[in-house]
Amino acid sequence: MPRVRGWRPLEGALLAVAAIVALAAAAAPGLVRDGRVVPSDLGAAAAVLTAYAVLHVAMCWRAPDADPFIVPLLALFGGLSLTLVRRLAPDFATAELRWQLLAVGAVAVVALGPVETRVLQRYRYSLASAGIALVGVTLLFGRSAEGAVAGAPRLWLGIGSLGFQPSEVMKLVLIVFLAGYIDDRRELLSEGGPRIGRWRLPPVPYLAPLAVMLGLSLLMLVVQRDLGAALLLFAITLGMLYLATLRADVVAVALAAFAGGAIYLHGHAEIVATRAAIWLDPWSASQDAGYQLVQGLVAIASGGVVGTGIGRGQPGIVPAVHTDYIFAAVAEELGVAGAAAVLAVYGVLAWRGFRIALVARRSFDALLAAGLTIGLAFQEAIIVGGNLRLMPLTGITLPFLSYGGSSLLICAVCAGLLLRISRPSSVPDGGLA
Amino acid sequence: MTPIEAELLFARALVLIGLYAFIGLAGYAAWRELRQARRAAPAARGVHAARLIVLEGGASDRMPGTQFGIGPIVRIGRDIDNDVVLADPTISGRHALLARRDGGWWIEDLGSRNGVEVNRTRLSAGMPFVVRSGDTVGLGAVRLRLVCPDETA
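Residue numbers (the numbering used here), protein chains in the order written: chain P, 43 to 475; chain S, 30 to 182.
Treat the hints with care, as some may be off.
Residues from chain S shown here face chain P by an in silico Cβ test under 8 Å; the list is partial [to be verified]:
{"id": "1", "residue": "30"}
{"id": "2", "residue": "40"}
{"id": "3", "residue": "47"}
{"id": "4", "residue": "49"}
{"id": "5", "residue": "52"}
{"id": "6", "residue": "55"}
{"id": "7", "residue": "90"}
{"id": "8", "residue": "91"}
{"id": "9", "residue": "92"}
{"id": "10", "residue": "93"}
{"id": "11", "residue": "97"}
{"id": "12", "residue": "99"}
{"id": "13", "residue": "102"}
{"id": "14", "residue": "103"}
Simulated coverage check for chain P against chain S, where a stretch passes if three residues somewhere in it have a Cβ under 8 Å from a Cβ of chain S [unchecked claim]:
{"id": "15", "region": "54 to 64"}
{"id": "16", "region": "126 to 136"}
{"id": "17", "region": "174 to 180"}
{"id": "18", "region": "348 to 355"}
{"id": "19", "region": "380 to 386"}
{"id": "20", "region": "419 to 432"}
Hints were generated in silico from the structure; no laboratory data involved.
For each residue, glycine too, the CB sits at the ideal point set by N, CA and C.
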């Protein structure tokens, strides 16, 4: 009988703090609405927290040296997300609880299960082919989200009522593939590429995936009009290639290509031109194209410094508040103080992710951890930046906080992979390899 | 103030204070990690170079405690042109390569018959793995320890 090999006091303490925040948040909407704490609200939060507590105990037993920040961080975001989504999108209340519990299971299976990261490395090309096939199938047979207006982007694949967004899966596939691809070509790192006059271009093996990804992003953008996913995939590619090469010219070439693509699309793709126009001036279109943006800004502004308090704000006016605009709900009800704290918690996640990458024992694991961190951080920055009108709005979810089955599950898998890589003996005997 | 308003205020305060307590704990952990690294650093700036210490020599004539001073690239095996020669039947002619890269030591199994282990975990051939100061490296029946004083941990 294996014994508990180590207590994880920091994880336990952080988990307790996360539980306090989640339970206090869960109690508030009932107090506002009915004048009493609604047991089912507290019960839902308690169920998710219990699942994370079980995961904590399992980690003490099976992975005592794994990173102590990830699990409490997931519990904190999971609890907040549950409360916000249950109130703002009551239709999804049951589904949200189910997805949150599934996410805990996904983290546990990925972090503690028998499949090593070596398996991902071995099947990198199979995964990449499957990912590209998935995007192709979506291009042909994709459908719009349920209840969306006619002509909305067709980003969903599904059978019957079960649907998922392949671009979410594509994000993970891309990170795994690039980690394997770059690891295969480490020796080329110091070599130069083709010359044009006095200019030495980055090596072709580094430019090739960039060009392919840029093309694929443009394709997704033009055919599917999925601006957010295209931007995210391109940012992940660029970030990982920069980490692997530390060459500024790779970034310069990529940004030049990006700028060229953006200018071209501004003139040729209606969705890009619209997004840019309402970003620069949402007020003149405040009743149609800019409605969501304006309502989001009003929601954020009405929060003030400490917010209205959970349950007291009116963020439900903002369209898609439970997915793309969950940050506006956080800002309205928790104020600048709470929104800044939530961003700081994402900062903690990025810090731990890069730290896990730094101390990883295998270069594939290091690249994978860095890629996962880049993906989560960019996704968070792109959607928060869009909500705050720091950059054009693109519809992607806020990792861990938004409602969104496939998004939440993929983010959970990312977190699970980070946890697995953070275990110092990432090559245990008897593992599947 | 009604009791409900008081309860709501309490819930709001708990949420905000809790969020900042979470960040505070994380910051404290970060500070402790940095302090540990700084404390370990000055003591570690020794003049000694990295070395491999024999823990178990197997059937070779290397006694436990024997030390090999090592350079940035160390070929380990039974053939006499290796940098570290281990004359044990469980060691392959060209068994493993230990090399300094990206600020760390990496060991790679060169396709040996009996494999390479780091801290008792078996490596896949051809996939470099980070070895830190204090780790034990198992090659066949021989076990070595890497000690590099200029590295914390």
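(request) Return the numbers of the hints above that this structure violates; sort them in rising order. (result) Hint check: 1, 7, 8, 9, 10, 11, 12, 13, 14, 16, 17 and 20 fail, others pass.
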